[in-house]
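S.K.: Spelled out, the chains give:
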Amino acid sequence: MTEPTGTSKDDQEPTGGPQSSAQASGGDVAEHRARGGETPEGGEHEQAEEPIDAQGPGSDLTPEGGTRTVAPAARGRSGMFGVAGSGDTSGFGGLRLPGYVPAPAERPYGGWFDGFADDFAQALAERGIRGAVQQVTVDRGEITFYVRREAVLELCRTLRDDDALRFELCSSVSGVDYGEDVPQRLHVVYHLLSMTYRRRIRLEVALDVDDPHVPSVVEVYPTADWHERETWDMFGVIFDGHPALTRILMPDDWDGHPQRKDYPLGGIPVEYKGAEIPPPDERRAYT
Amino acid sequence: MTANDAYAPGRETTEGTVYTVTGGDWDEFLDEQHDDRIVINMGPQHPSTHGVLRLVLELEGETVTQARSVIGYLHTGIEKNCEYRTWTQGVTFVTRMDYLAPLFNEAAYCLGVEKLLGVEVPRRAQVARVLLMEINRIGSHLVCLATGGMELGALTGMTAGFREREEVLHLLEYLTGLRMNHAYIRPGGLAQDFPGDWKEKVTEFVGVMRSRLPDYDKLLTGQTIWRQRLEGVGYLPLDGCLALGATGPILRSAGLPWDMRKVEPYCGYEEYEFDVPTATEGDCYARYRLRLAEMHESLKIIEQAVDRMEPGPVMIADRKIAWPAQLSVGSDGMGNTLEHVRKIMGQSMESLIHHFKLVTEGFSVPAGQVYSAVESPRGELGYHLVSDGGTRPLRVHVRDPSFVNLQTMPAMSEGGMVADVIAAVASIDPVMGGVDR
Numbered sequence: 001m002t003e004p005t006g007t008s009k010d011d012q013e014p015t016g017g018p019q020s021s022a023q024a025s026g027g028d029v030a031e032h033r034a035r036g037g038e039t040p041e042g043g044e045h046e047q048a049e050e051p052i053d054a055q056g057p058g059s060d061l062t063p064e065g066g067t068r069t070v071a072p073a074a075r076g077r078s079g080m081f082g083v084a085g086s087g088d089t090s091g092f093g094g095l096r097l098p099g100y101v102p103a104p105a106e107r108p109y110g111g112w113f114d115g116f117a118d119d120f121a122q123a124l125a126e127r128g129i130r131g132a133v134q135q136v137t138v139d140r141g142e143i144t145f146y147v148r149r150e151a152v153l154e155l156c157r158t159l160r161d162d163d164a165l166r167f168e169l170c171s172s173v174s175g176v177d178y179g180e181d182v183p184q185r186l187h188v189v190y191h192l193l194s195m196t197y198r199r200r201i202r203l204e205v206a207l208d209v210d211d212p213h214v215p216s217v218v219e220v221y222p223t224a225d226w227h228e229r230e231t232w233d234m235f236g237v238i239f240d241g242h243p244a245l246t247r248i249l250m251p252d253d254w255d256g257h258p259q260r261k262d263y264p265l266g267g268i269p270v271e272y273k274g275a276e277i278p279p280p281d282e283r284r285a286y287t
Numbered sequence: 001m002t003a004n005d006a007y008a009p010g011r012e013t014t015e016g017t018v019y020t021v022t023g024g025d026w027d028e029f030l031d032e033q034h035d036d037r038i039v040i041n042m043g044p045q046h047p048s049t050h051g052v053l054r055l056v057l058e059l060e061g062e063t064v065t066q067a068r069s070v071i072g073y074l075h076t077g078i079e080k081n082c083e084y085r086t087w088t089q090g091v092t093f094v095t096r097m098d099y100l101a102p103l104f105n106e107a108a109y110c111l112g113v114e115k116l117l118g119v120e121v122p123r124r125a126q127v128a129r130v131l132l133m134e135i136n137r138i139g140s141h142l143v144c145l146a147t148g149g150m151e152l153g154a155l156t157g158m159t160a161g162f163r164e165r166e167e168v169l170h171l172l173e174y175l176t177g178l179r180m181n182h183a184y185i186r187p188g189g190l191a192q193d194f195p196g197d198w199k200e201k202v203t204e205f206v207g208v209m210r211s212r213l214p215d216y217d218k219l220l221t222g223q224t225i226w227r228q229r230l231e232g233v234g235y236l237p238l239d240g241c242l243a244l245g246a247t248g249p250i251l252r253s254a255g256l257p258w259d260m261r262k263v264e265p266y267c268g269y270e271e272y273e274f275d276v277p278t279a280t281e282g283d284c285y286a287r288y289r290l291r292l293a294e295m296h297e298s299l300k301i302i303e304q305a306v307d308r309m310e311p312g313p314v315m316i317a318d319r320k321i322a323w324p325a326q327l328s329v330g331s332d333g334m335g336n337t338l339e340h341v342r343k344i345m346g347q348s349m350e351s352l353i354h355h356f357k358l359v360t361e362g363f364s365v366p367a368g369q370v371y372s373a374v375e376s377p378r379g380e381l382g383y384h385l386v387s388d389g390g391t392r393p394l395r396v397h398v399r400d401p402s403f404v405n406l407q408t409m410p411a412m413s414e415g416g417m418v419a420d421v422i423a424a425v426a427s428i429d430p431v432m433g434g435v436d437r
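Chains A and B, in that order, are what the protein sequence lines are.
When the first sequence is numbered by the working numbering, its final residue is 287 and no position is left out of the sequence of numbers.
When the second sequence is numbered by the working numbering, its final residue is 437 and no position is left out of the sequence of numbers.
Hints are computed from structural coordinates only; laboratory data are not their basis.
Being a predicted model, the structure only gives us computed values, none of them experimental.
Glycine residues also receive a C-beta, built at the ideal position from the N, C-alpha and C atoms.
Keep in mind that the hints are not guaranteed to be accurate.
Across the chosen pairs, the derived CB separations fall in these ranges [said to hold, decoys possible]:
{"id": "1", "chain 1": "B", "residue 1": "Val119", "chain 2": "A", "residue 2": "Gly266", "range": "28 to 38 Å"}
{"id": "2", "chain 1": "A", "residue 1": "Asp253", "chain 2": "B", "residue 2": "Lys218", "range": "48 to 58 Å"}
{"id": "3", "chain 1": "B", "residue 1": "Asp239", "chain 2": "A", "residue 2": "Gly266", "range": "40 to 50 Å"}
{"id": "4", "chain 1": "A", "residue 1": "Asp210", "chain 2": "B", "residue 2": "Gly330", "range": "55 to 65 Å"}
Based on the sequences and whatever the hints tell you, model everything.
M.R.: So this is what it looks like as structure tokens:
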């Protein structure tokens, strides 16, 4: 469903089509991404064309603006006001907004971000890690590093062990599913906390849904054990190298990964005396 | 389970196959071919496992050689459900996760939504949030003492703890309208203002708690049995805490004074004077003493918050976000005031449309993601919220401290006695509603 459904007059975003992403991130960058988003092939290979990194302190972590596809918006706005056959405005009608593309940040980032980015780049250069960071986004006072999945374990090790970084605690690892039509829709998000310097950063890895592999960081952050099991359980992300990647919240023999966007809310048959629970949008049928 | 299971023979009835599960004697299992190692399940229905937590213990005699916890028995899909509701409705869901700390869930969630929106709530709402959270913290710690006492056999601790918690719940009911699952803190402020004589009630509550909290010292702190059950048990040093991600009283019992209220102040916590109790023993007894001390600190914060409450709005002025309601208690219960209904129904069609849109569709939140964390009674309670610009969340992920802290159970209990597993789990204080979400 990508037909334009322009009804909301005070909405600032144009409706429909990939050009709507240009509003979100501005200019040719988004256009470039939208083009890249039409032919998603093999994730990280196409991204490797812009090695970013680490020529030393003061060098930027990102290239000029970034040409990669973090969450390319290849989805138009649909649903809600264009829904036919239902008077539902509760959201079950399925409002779909254009995929969200975070804008890359430009120097200076502001606050402690610049000094930290320099230290980070230097630490990566010392360890010979190249091309690991694809994009840096600063939004609402939080810094996000979009990183290549092969490097995530070494990045975490660097962030934990380097004296200038010292991210002792991994607060959280979780997944985000950006929706069915979005290339590289599955993201794994790491929230790291440095108690020494009182800083929080976020690492984000984008994955293809057909190849949802990412290295496990359990050997660096043992606390990631259950977080990664939950992310596997809910999103089907496979953490290579995890000591025992089993389901944690759902039953062991469950089919599917419930927090993916294509997994329905309710309507899953249960084994209880033949009971059937219909999906919520079919429950109240007053016939 | 098959029909020919020796310990669960089946027979056909009109209701279907009925299995009768019988036990066996240990000597049938423990012959020459086997050693004394046995694996037992504790829970998920067990009075000492702090809720529907299942512990799988490998025992050699009374010694636990391996321990694992199995969770998921209370999984309700709250994170998924939030994606199908508006941002405001999300409050009603998240308050049900960690059901002993509902106001912390609401506050952390609303702080995240407000960060996404880029708005700041009025001062009165901020102070009221601090006040509510600290009252809630006392209630949560009291339940920890009460259930922990019950699990260790200190039944008087349980009756005393729940008696005091009743005071907390009565006060919260008076202030917010509900004992639990308040849905009182909303994006943009509070659902409504406190009732008129809230100050007297809160002051009275502080007086009652001041007189009763010392009883716990008399009842438990110096008691020989209590100390023998807890001292040196469930030991977890600082490096273990950091590796396993433990926060809250567990981390502070290992010597690190890490409290989000001090290190990353939110809701104006930097204005309040209070101490962060810390111990260095890293055992269950230290955690018990810290919780007790934290309740006294919470009372100090409550008193300061009462003084700081100034008259003013409790919801932001932006009518595109503020919930279009002016609640009051009428003869038929709580609802919109008649004047407000008369105004929106009678005077302005646009106002009625706006009201309808805001309630059914909700407000749009600019696209982006934030992580907002507060210091809940159990540690760092973090919300990772992702918006795609719509009126519903794209993703709500909760970093629940119970979930993370429960991972420390094997490290605390392996090598100890079975009875010490209970003490360790009680000192972690996991709330299964938060663990399983």
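S.K.: Now, for every hint given, state plainly whether the structure supports it.
M.R.: Right, here's what the structure says about each hint:
For the pair valine 119 of chain B and glycine 266 of chain A, the beta carbons lie near 33 Å from each other, so the given range of 28 to 38 Å is met. As the Cβ distance of aspartate 253 of chain A to lysine 218 of chain B is approximately 52 Å, the hint placing it in 48 to 58 Å holds. A hinted range of 40 to 50 Å holds for the C-beta pair aspartate 239 of chain B and glycine 266 of chain A, which are about 44 Å apart. Take aspartate 210 of chain A and glycine 330 of chain B: their Cβ atoms lie about 58 Å apart, and the range 55 to 65 Å holds.
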